[in-house]
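Protein chains: 2
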Amino acid sequence: MSNAPAPRIHGVVETILYVEDLPRAIAFYTEVLGLSPMTGNPERFQSFDAGQARVLLLFKRGATLETVVTPGGNIPPHDGHGPLHIAFGIGEADYPVWRSRLVAHGVEIISETRWDRGGRSLYFHDPDGNVAELVTPGIWPNY
Amino acid sequence: MSNAPAPRIHGVVETILYVEDLPRAIAFYTEVLGLSPMTGNPERFQSFDAGQARVLLLFKRGATLETVVTPGGNIPPHDGHGPLHIAFGIGEADYPVWRSRLVAHGVEIISETRWDRGGRSLYFHDPDGNVAELVTPGIWPNY
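Just so you know, the sequences run in chain order A and B.
For what it's worth, my numbering labels the leading residue of the first sequence as 117, then goes sequentially.
For what it's worth, my numbering labels the leading residue of the second sequence as 117, then goes sequentially.
One thing to keep in mind: the hints can contain errors.
So these bits of chain A aren't anywhere near chain B, every CB distance computed over 12 Å [what the hints assert, rightly or not]:
#, residue
1, Asp-137
2, Leu-138
3, Pro-139
4, Ile-142
5, Asn-157
6, Pro-158
Quick list of simulated restraints, FRET-style, between CB atoms [said to hold, decoys possible]:
#, chain 1, residue 1, chain 2, residue 2, range
7, B, Asn-119, A, Ala-120, 51 to 61 Å
8, A, Thr-155, B, Pro-158, 37 to 47 Å
9, A, Val-219, B, Thr-186, 20 to 30 Å
10, B, Pro-187, A, Ala-179, 33 to 43 Å
11, B, Gly-254, A, Asn-157, 15 to 25 Å
12, A, Ala-179, B, Ile-226, 11 to 21 Å
13, B, Ala-209, A, Ser-216, 42 to 52 Å
Since the hints were made in silico from the structure, they are not lab data.
Nothing here was measured: the structure is a model prediction, and the numbers come from that model.
By construction, the Cβ of each residue, glycine as well, lies at the ideal position given by its N, Cα and C atoms.
Work out the full structure, taking the sequences as your base and the hints as a guide.
And the structure:
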């Protein structure tokens, strides 16, 4: 086993949530959270530009249980049951705008939290019950 | 309902995986992937600096089924069953280094994929069977 240090990881590029109703989830993440859809396949998944070269992937639950063969190589199967959890970054000045926006869209804010480092969190559920969070900087040692 | 555009989302800050054996998973993400542990709680979770102000959170499965009350506010319950999926960014020049490193650590590479945009993926399982992927730029319209 090598003791050489690992090359640097450049952040998490793809974060995945699993949903029962793909069109319903796409509508939520597009219309309420304002994410831009990228590529997708209505039978299986939808990708979104989550900002800063980060990708949110919604997979229809149970639709990727088999290896997907592509000309460039295979995509291994995966799947998930939740409620899973995800947090998106927002600017501090946008925190009250987001709170109002969620309420205006009929999204219940299930918790608001203030952290020791000064950051704040807004928690709510997506249509599948996944726990989504909007976080201002000042939560983690590196954020 | 407001028709105002959503404030900008600044990427996904927290990506969560669920594991059965927290120490085993911490060892894997620290020693093999080289992520730096941040705060944690041996009964419940461990956070890692995943680079570029991104956080990987490992939660012990079933240990966050109740709301966590903090002085600053509540953290709603969540949980997950997989195999879930996550992708970390790596540099193109580091791709062969990573392939060798995984093999040297006894990690089976379950697939290698080349994408139309020029990016490449290395797929492998973490100790809980979650499907981890290392991706070079050139996968998505925004990465």
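Which numbered hints fail: When the structure is compared with the hints, none of them turns out to be violated.
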